[in-house]
Amino acid sequence: MELELTGITKRFPGVLANDDITLTARSGNVLALIGENGAGKSTLMNILSGLYTADSGEIRIDGAVRNFKDPGDAIAAGIGMVHQHFMLVPVFTVAENVVLGEEPTIMGTVLNRRKARGEVREISRKYGLAVDPDALVETLPVGIQQRVEIIKVLLRGAQILVFDEPTAVLTPQEVDEFFGIVSELKERGATIIFITHKLKEALAIADDIVVLRGGKVVGSADPATATPEQLATMMVGRDISLTVSKTLGRTGSRVLELESATMVDDYGRRLLDEIDLHVDAGEIVGIAGIQGNGQTELVSAVTGLLSLSDGVIRFLGEDVTKSSPRKLHELGIAHVPEDRNHMGMVGTFTVAENLILDSYYARPFSRGIRLNSEQIDSSARTLVADYDVRPPNIANQGSALSGGNAQKMIVAREFSREVPLVVCAQPTRGIDVGSIEYIHAQIVRKRDEGKAILIVSTELDEIFALADRILVMFDGKIVAERATSETTTAEIGLFMAGKTS
Amino acid sequence: MSTTKPDTPELPQPSNGRKFFIQLTTGTDWRSALLTPLLAVFLALVIGAFIIMATGMSFGEAMNAYGALAQGSVGSLRAISETLTAATPLILTGLAVAIAFRAGLFNIGGEGQVLIGGMFAVLVGFSITGVPWFIHLPAALIAGIIGGAIWGFIPGFLKAKTGAHEVIVTIMLNYIALRLVDYLLKTNLFQREGRNDPISKNVEPTANLPGLLTALDPGLRVHAGLIVALLAAVFIHWLLFRTTAGFEFRAVGANPAAAQYAGMSVGRTYILVMMIAGSLAGLAGTGQVLGVLDRASPGFSAGLGFDGIAVALLGRSNPIGVVFAGLLFGGLSAGGQQMQATAGVGVDLVGVIQALIIIFVAAPALIAAIFRLKTPVASTQISRGWGS
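For the protein sequence lines, the chains are Z and X, in the order given. 1 is the number of the first residue of the first sequence in the numbering used here; add one for each residue after it. 502 is the number of the first residue of the second sequence in the numbering used here; add one for each residue after it.
There's no promise every hint is true.
Unchecked claim - 30 Å max Cα-Cα, derived DSSO-like pairs, lysine-lysine: (1) Z:K126 - Z:K115; (2) Z:K216 - Z:K200; (3) X:K662 - Z:K327; (4) Z:K322 - X:K662.
What the hints contain is simulated information worked out from the structure, not anything from laboratory work.
Bound conformation, chain Z alone:
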């Protein structure tokens, strides 16, 4: 089916979210829709799925004008959405989830499980989406859960599939599998709209690329000839450098050292298995690895949030294995946490409050138990300006900031402390290109000031752009160590998949 949007405009109070958007998605093609956060991608998607009605403009499917009054209309017209956050019931089986809302029943009351299973198997076979209909969804890896979502929309007869940031939660392997599925769907004539801000993925899989900025279509690109830099420039509206410029660093004294660091959970699984590593002043050490191989636990151990079962952590020569997060903070470890919304900030706190989240108790922000609001506000104003947090209103709630600006706020808080060690977990996950560029530059600046920096990232490109030395984690172990200048992404990729050196 061919989907045509002409002149789609949607206005919210104070915002023109979609401004005269015109685009076409063809059958058997993949259209990538790229743009920064706030460019109007989600609004457009919500119009397509019937959640919003456009103020003006037309949606045509195979030439016929369709107006969606609610999501039911969009589904009936053959549009299926696969959301970034899956809409699955974790304690239900795959088959139960797939038929949810349109359950086949026996005499109108009892769920016909056999039929549900059969329907899942049929779609699985037809599109090569291997999945066990009887598995509980909560036991499945994220990549398979996504398949369940895809089966769900296919079962409802969708021929136009809209994917919202589908790879954000996937491992590199799962991304490859996902691309395989997309190709299969393409072959079978589906129309695919792929919303993303990952430029390389758009280039890899799309047949057409449309760039949104400020609610408008600012251009389109041919994936065969376009480069990531060109796309980034279109997205941001100014020249963007995707390569981090940095000179060779000079390393100094040992700042952080782990010896046989081991963490065993209640079930006896070795989350960290005899980890030895060190970070010296003036270097960036990057931990590469697929999500879930112990990186979170490693960062938690170094920052005091989880304690080791065995082994030693030394910071500036001092044994800090059993130190609390507060103690480590005071000794001089800054921590940009992996999950900014869940851990890095308090959404209902103001920007000013978030900027003192871990140093509120000390001078100059408080005297005794009294908070010093003048100091808090003046420091916040300086940080917001220095670290380019937009909008620069320190009384805004943290949750009102875009992902990139929230992350800049957290980076401002942590980087403004003059401390010997900075630990950054996923410093640029899910944020816009402009903010990534900015945060990368700040990390390199810290290194050049002679600080020790430990970076954990599942984005191999980020590791290669920043790190002086790369360690690869697999199954709780450090399986390889390479100087960045002496290795390749291909080699590191193999280690990430479990090859041992």
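Let chain Z serve as the given structure and place chain X on it in line with the hints.
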């Protein structure tokens, strides 16, 4: 659900229980924070009028009943005194619930904390004799604070150390406190000489909270506990918004993971907050026994702890809001007596009106829909409970 918001990606996704707390404790702006409760009160009174009429009374009679309600709450010096007397403990129990809300805890245990605090105060109030009031009264007040704090400490400690849900524990502690009071009032320590029924000895005059208006008329019951309650509200406001402890409370309430990341001790915060909440409720009980009742009798808490939940909700867990909500509920309860006496409408209606107010406050979307306010109303709010 993020689906109805225009282009605001990357919003944090707190659990549903936490969303509920966040909704309760943060008005988006002062206007909605003030408007929703006012409209809720108005709406509840309108529906209340229909309920009166449904019992066979005319519209005029219903209006008469409301006239009596107003008369009985603010219509005379005596009425105002009664309103303030009723509001005093409600402000304190409201604060006890509100500060716990702020830290993400649901303090259902006000009832038990009122009882234990009151028993401690009564004990000091009757057992010490021959000391001047400026020693005796503070001693009794402090005893009440300690009693309430102990009853708040238990659920706080159990939550911090074992994860036991404070809702379950506080409810059970209410039962225990109720029966403990029944028992204690029959012991020689507490029971008044020559009485067989469970009633305590009378509080010595040196431990009484003095009447504020008795110089004008000895029958005016409003007492110095009101000043204690107002000071407590100011103190809690200062504590929450101007101190490092309050910063911790609010951070733990809104996002415990971030609080832990920032080096705060979530468990210690739970214990501390529950002790402060217990102290406040204990003070409410103390005010009752030292200012109004002069003694303890079975169940003297009389639902104050539960009404505190309503007061905290209406006051949006803001200490200043709680003062106004407490005054309103105090007025309704004082006026209800008058309404029953002169208009023949049962005082039970006041309970219905109070309940309706809370329903409308708890369901802001309902108010917005009825009055067509231009607030973005989320589609379906899915709530699994208040679990944290």
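Verification of the hints:
| no. | hint | verdict |
| --- | --- | --- |
| 1 | Z:K126 - Z:K115 | holds (16 Å) |
| 2 | Z:K216 - Z:K200 | holds (22 Å) |
| 3 | X:K662 - Z:K327 | holds (22 Å) |
| 4 | Z:K322 - X:K662 | holds (19 Å) |
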